[in-house]
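There are 2 protein chains.
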Amino acid sequence: MPELRKDPVVGRWVIIATERARRPGNFVDQTTDGHDSNGDRCRFCHHEGLVVSMVSRPHHARTEGQPWDVAVIPFQTSFLQTNIEFKRTKHGLYDVMSGFGVHEVVIETPDHVANMADLDQAQIQVVIETYAQRIHALEKNSYFQFVMVFKNYGEIAGSRNIGHARSHIVATPVNPLHMKQKLRGTRDYYAAHKACIYCDLIQEELRQKSRIILETPHFLAVAPFAARFLFEIWILPKKHSCDFTTGIVGCEEDLAYVLKTLLVKFKEGLDDPAYNFYLQTAPFRRPDPDYKRWENLDKDFHWHIELMPRLTQIAGFEKGTGFYISDVPPESMAEYLREIEFK
Amino acid sequence: MPELRKDPVVGRWVIIATERARRPGNFVDQTTDGHDSNGDRCRFCHHEGLVVSMVSRPHHARTEGQPWDVAVIPFQTSFLQTNIEFKRTKHGLYDVMSGFGVHEVVIETPDHVANMADLDQAQIQVVIETYAQRIHALEKNSYFQFVMVFKNYGEIAGSRNIGHARSHIVATPVNPLHMKQKLRGTRDYYAAHKACIYCDLIQEELRQKSRIILETPHFLAVAPFAARFLFEIWILPKKHSCDFTTGIVGCEEDLAYVLKTLLVKFKEGLDDPAYNFYLQTAPFRRPDPDYKRWENLDKDFHWHIELMPRLTQIAGFEKGTGFYISDVPPESMAEYLREIEFK
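Protein chains in written order, with this note's numbering: chain L, 1089 to 1431; chain U, 1089 to 1431.
Because the hints were derived from the structure by calculation, they are not lab data. All values reported here derive from a predicted model rather than from experimental measurement. Keep in mind that a hint or two might mislead.
Which copy? The list can't say, so a pair holds if one copy fits it or any two copies do.
Straight-line Cα separation of at most 25 Å, SDA-like style, residue types lysine to any residue; simulated pairs [unchecked claim]:
1) Lys1270 with Ile1402
2) Lys1407 with Arg1381
3) Lys1175 with Gly1137
4) Lys1175 with Ile1413
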């Protein structure tokens, strides 16, 4: 049975397989994704087994034999399960939890299309609506603290089957390290300024202008002031809401336009790069022995999306320190992305 | 002039080139290391220009024309410099600092040998002594808060010139995010238990035994309980000291033995993998507007080395959350490494 183990120094949770099944010969060249891209059958075109959710676009002419536009299936992994007992224990000095959790795959299209950039805007909108619907459903399981939607496009970004557009949803009973950092940062800023830091950031970016890539009625896409990665983008909703599922209501079409535009800019202007995006929404507020901090969360946290192409290798220094080096100023990144035109 | 820019949410510092010199055509396929491995002249065999430090082994028969055993040279980068004014300013909401800092390269041998594993133990000892000597020298510059020694072996680990063994020393006026996390964790543990967490960890590992890879008079090498990476190792000095330069005194030979043994185990047992190591020593205790926290640092922090081969790709989920997945239990990693025999 897999375990969640906590690093006692920094509080980082790690999902660890505890079966001693892997033998030395398997240690090298393993994959982390679990998807096999061999064979001519794509498992997302012809998926079998359990379907969590199927969504159809209204008035959309579908190819025969394709009963859905967006489908959600369980990810084939044994690391996170809900059909096990939720248990938290101590092993000497160490904290351990059962490998309780959910990993779902959102198949973004019934067609064998690799890049979300190639879906039409209305299809992307259905994908976004599916994210909201699934997060809403997962919140009902009272063991979950954290949910994240993310996307790996291209092998460097962590995708093994590179042929079919999909995204991932993971829900866990603990908050991962990066989320705790953000929660700490937004709380401290609110304590000092009685304001949401992301709301203040949006005002600052609108004033300074140089890092804006795209502005729409509901969103601002900027190259962050301290960008870690080449062409890293933050997509910030202008309207304050800590929670994606409520904040997105009425803005689905606009976000689909923003994602489509940025992803096409990546594809056309950066030579179809691998990329990741991460949807960051507030944790579910439950009693959490690991991390108590929900006061003012609705006021100080602000949902957003981080989007980054994977153009540069992260070197040892950056991995070891969390101290990134960018040899292009974010102002130049924004200028370059702004200027990419496409048909 | 490069800048240090602070992410206002999580407090991560990023080194950013502010010259708008890079043009679109340069955006793809850039390198982050700056070392060119082309050409038949290795720049570490035949380095020219400034040498920061040269160390010779006593009674060591050197090849003619090689006046040193270990040499330290400046890293050819424009990101960190000391011949500029140290300045910290605000840019609206944002914190900015001049790109003040040092990056040095420790050439570990005059011979064209790639892997530290292939140096003899006495040579590794001189490298370790050189680390201590340089950290000691850099501490004299009162602007520096942080120093780290690290090593990238192999292209995946971030090394571009893969032919000549070397390590890196970076000193900066700010503490990077990972160090702040550790400082917070060790402080909180000390506040709760009136003990150093690493000292307690050593006792716990000696009790549980299953994750010990190597024990010597002065060191314990373990697979950490919540290992992020396949065959991640922590090298922990048994004697408490927050500071490497004082803690290492009298243990240099033993640490050289530990490093040599582990690196040969990697080479022989894991098919010569790429790897990184990071020497984590306490920050220099100066007035620091960014992070005040030096009370009890000598009692609660404990210097150590993190060593990890780069056998697995980090996928999008792990990059986005800091939530790692390991499909091999650390107990199996330790067992496998313990059992690797070599001549």
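How would you label the pair Lys1175, Gly1137 (within, between, both, or neither) given a Cα cut-off of 25 Å?
Answer is neither: 28 Å inside a copy and 61 Å across each miss the 25 Å cutoff.
Using 25 Å as the alpha carbon limit, work out where Lys1175 and Ile1413 are close: within a copy, between copies, both or neither.
Between. Shortest inter-copy distance 19 Å satisfies the 25 Å Cα cut-off; intra-copy 41 Å does not.
At most 25 Å between C-alpha atoms: does Lys1270 with Ile1402 qualify within a copy, between copies, both, or neither?
For Lys1270 and Ile1402, the Cα distance is within 25 Å both inside one copy (22 Å) and across copies (21 Å).
Pop the pair Lys1407 and Arg1381 into one bin, within, between, both or neither, using alpha-carbon distances up to 25 Å.
between (28 Å within a copy, 24 Å between copies)
Checked against the numbered hints above, the structure violates only hint 3.
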